[in-house]
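2 protein chains.
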Amino acid sequence: MQATIITIGDEILIGQIVDTNSAWMARELNKIGVHVYEIISISDDRAHILSAFAKAEQQSDIVLVTGGLGPTKDDITKKTICEYFNDTLVLNQEVLDHVVRLFKEYVKAPMVDMNKDQALVPKKAQVIMNEYGTAPGMWLEENETIFVSMPGVPFEMKALMRDSVIPRIEKIGNLPFIHHRTILTAGQGESTIATRLEEWENNLPAHIKLAYLPSLGTVRLRLSSRGVDKDFIVNSVAGQIQELYTIIEDVIVGESNDESLVHAVVQLLKDKNLTVATAESCTGGKIASLITEIPGASQVFIGSTVTYATQSKIDMLNVDPAIIEKYSVVSEQVAIEMAMKARLKFKSDFAIATTGNAGPTQGDSDAPVGTVYIGIATPLNVYGLHFMMGNHRERVVQKTINKALELLQKELIEM
Amino acid sequence: MQATIITIGDEILIGQIVDTNSAWMARELNKIGVHVYEIISISDDRAHILSAFAKAEQQSDIVLVTGGLGPTKDDITKKTICEYFNDTLVLNQEVLDHVVRLFKEYVKAPMVDMNKDQALVPKKAQVIMNEYGTAPGMWLEENETIFVSMPGVPFEMKALMRDSVIPRIEKIGNLPFIHHRTILTAGQGESTIATRLEEWENNLPAHIKLAYLPSLGTVRLRLSSRGVDKDFIVNSVAGQIQELYTIIEDVIVGESNDESLVHAVVQLLKDKNLTVATAESCTGGKIASLITEIPGASQVFIGSTVTYATQSKIDMLNVDPAIIEKYSVVSEQVAIEMAMKARLKFKSDFAIATTGNAGPTQGDSDAPVGTVYIGIATPLNVYGLHFMMGNHRERVVQKTINKALELLQKELIEM
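First to last, the protein sequences are chains A and B.
Numbering-wise (this note's numbering), the first sequence opens with residue 13 and increments by one.
Numbering-wise (this note's numbering), the second sequence opens with residue 13 and increments by one.
If we strip away everything but chain A, and leave its shape as in the complex, we get (with noise of 0.2 Å):
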């Protein structure tokens, strides 16, 4: 089964947003066996939308839709959808009952004539009902093309995907067994690790797929595959991951079934009861809100201080001002005094510290952009690393983020 996602807005066009949508779409197909084909996103155009659909129902099973579902004038899918299918709209009392029903709960402000044209829906269409928001989901068949209208606020997406659109998807049935594994490597570059590697992908057998996915000082190898015979399928895989480890053992960090290195950490905090702290300069409070963002986090992650101003590690963390006077803000024994003193404030197991010039200005200390040093606090030991992370902000901060993760993994797996 192929699937094309279209994305509908000119925000996106224009780049007012980004569409995250379709990326979360993606994996959640691919999880049941879909195939995504292309993922196309268009302006509110009437004869733009017609032709993408056309495109569209020519080269998949099913077509996602979000976006211009709102009630305005320059939302314009619905209508456009009828046009598509030779459709009119009728009124559905169910929709209608439900934002009647939000309106009253959370919007308390009274409905116009707009809000209740949502309830208007294709007389073909199935209607799928959004509980967190006023436009329903719609499915319609034709011409044994599925097209799925939904709206593109994320989470009501989401929740339609989830609870509805995806379950009906594998009813349909006939999917294959998708299955990917992605090792994680850090400490060679892709090219090398490529030519090491270059024999066994050669003799890789043909079902099976390798992909390099480089992010700033890690390099992931996925490995995909698909079919109707699912041991058949994993253990094939397993068999290479295996050969893997035996030819590129010493880079080879861990292994996620395409979760986050956070996803990682969080884990292994979980499975060994333990706790985590942060005490962040260059990384302005990033790894914390990425820890936080799983939910659960709460059990392992104690809390963290973003001490950006200088004076601020002094007063939030106890830093010895004195280290900081002989050594500088950015230097190693203040990664290691931050690491410390944050372990000890927060009563946490573990913590993290960053201080560094990410750069594009010079900031508190003389140390050259891209310079940062990251301390690491341990039930058993404390200590300070140096990195120089390149001449770029983003990079030099998201360098940082895996780094510091990456020692904790390490010392977390060791522990």
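Please keep in mind that the hints were generated in silico from the structure rather than gathered at the bench.
There may be inaccurate statements among the hints.
[Said to hold, decoys possible] DSSO-like, lysine-lysine: derived pairs with alpha carbons at most 27 Å apart: (1) K221(A) to K85(B); (2) K91(B) to K85(A); (3) K221(A) to K43(B); (4) K221(B) to K85(A).
[Said to hold, decoys possible] According to the in silico footprint, chain B covers these stretches of chain A (three or more CB under 8 Å from chain B): (5) 37 to 44; (6) 74 to 84; (7) 245 to 257; (8) 300 to 310; (9) 319 to 329; (10) 352 to 364.
The beta-carbon is built from N, C-alpha and C at its ideal position, and this holds for glycine as well.
Given the coordinates of chain A, work out where chain B should sit on it, guided by the hints.
Structure of chain B alone, referenced to chain A:
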């Protein structure tokens, strides 16, 4: 001038990464008057790349391609470009020298043949040097359409765009003037505002387009126009904005030329020479990390505590345990305490505090999921406000961030 953006990479189609490049590129193109017609994401597949190129060529004056330029076997963009343009790869000495230099300076691992292959470029291509990486940009012209191929690593692509591609497109000339103004509103829903604006909207001149951009707690109204006469465009949009103010002045909270709320807040702090700190519980450091993403934020942002665990509110902020005991950790009183104590501890002019239950599980308090208290401490005042932010974790956190920044913005405007 019309553009198509093509993003190449299996990792996008299986949802392993979110494509943030396209939005950024679209925004930059838009600024210089290039209309982005479509954004297409496809996999690393020869046939699909070729058909996407053909479609894009047909519908655009310029095609911007990212991804698939890595040194490993799964990256086939360069080879496929050669096939599409009926071209061959030749060694570019300047690129080779650059790759060698990057390896010496940053990688410190020995170069392998694969890295040298990064210096192979299509004969017809004009090379655009990539300061931050080994894959060069490539500029090709054929049949009146320009193709630009760039690496998918965001900051490499951004540097290429900013330093070379955008200036070159501008030089081609003949670009219309594109103008957007975005009005921020708060307090009423999209449909209520649309009803109030109906008559005005119906009378909008054809060259001005209106879009409603609802996000959590706010609705932005974007007016867009394009044309050759800059003064005419700017004045006619300004005239409509003026009318807008007379109709819905009560809900307008500000204007931003597509800058975000956090940008506006940081700018206000800079303008007024004031500082802020945050004490975050349910927002987990996200307010701090948003603020510190803005270059120059160190002038106005002192720091943050993320006090996720109840005990850490006491340890880090000296929140009075008796107050937590009496009112519970999710309460107006604790929000006030957190803001007040954060302001004192960080010695900042303002402090924002958040405490709430974002769900999905209950956490350290009895408050139902969605309950949030925001505390604001200013040089003149300290107060806490209660909100019900809905029943979805993402929504609760995002709404809380927006509301907190909005409250701070209001205080700053009045300061």
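These are the hints, each one checked on the structure:
Between K221(A) and K85(B) the CA atoms are separated by roughly 11 Å; this keeps the pair inside 27 Å, and the hint holds. Proposed proximity of K91(B) and K85(A) is contradicted: the alpha carbons are some 45 Å apart, above 27 Å. Distance hint between K221(A) and K43(B) is unfulfilled; the C-alpha atoms sit about 40 Å from each other, more than 27 Å. Taking the CA atoms of K221(B) and K85(A), the gap is about 11 Å. The hint holds against a cut of 27 Å.
Residues of the stretch 37 to 44 of chain A with a Cβ under 8 Å from some Cβ of chain B number 6, which satisfies the need for three, so the listed coverage holds. By the rule of at least three residues with a Cβ nearer than 8 Å to a Cβ of chain B, the coverage given for the stretch 74 to 84 of chain A holds, with 3 such residues. Beta-carbon proximity to chain B at under 8 Å applies to 0 residues in the stretch 245 to 257 of chain A; the threshold of 3 is not reached and the given coverage is violated. Three residues within the 8 Å Cβ limit are the bar, and the stretch 300 to 310 of chain A against chain B gives 9, so the coverage statement holds.
Check result for the stretch 319 to 329 of chain A against chain B: holds, 7 residues qualifying (beta carbon to beta carbon below 8 Å, three or more required). Against chain B, the stretch 352 to 364 of chain A contributes 3 residues with a C-beta closer than 8 Å to a partner C-beta. That satisfies the three-residue criterion, and the hint holds.
Violation of the numbered hints given earlier is confined to hints 2, 3 and 7; the remaining hints are satisfied by the structure.
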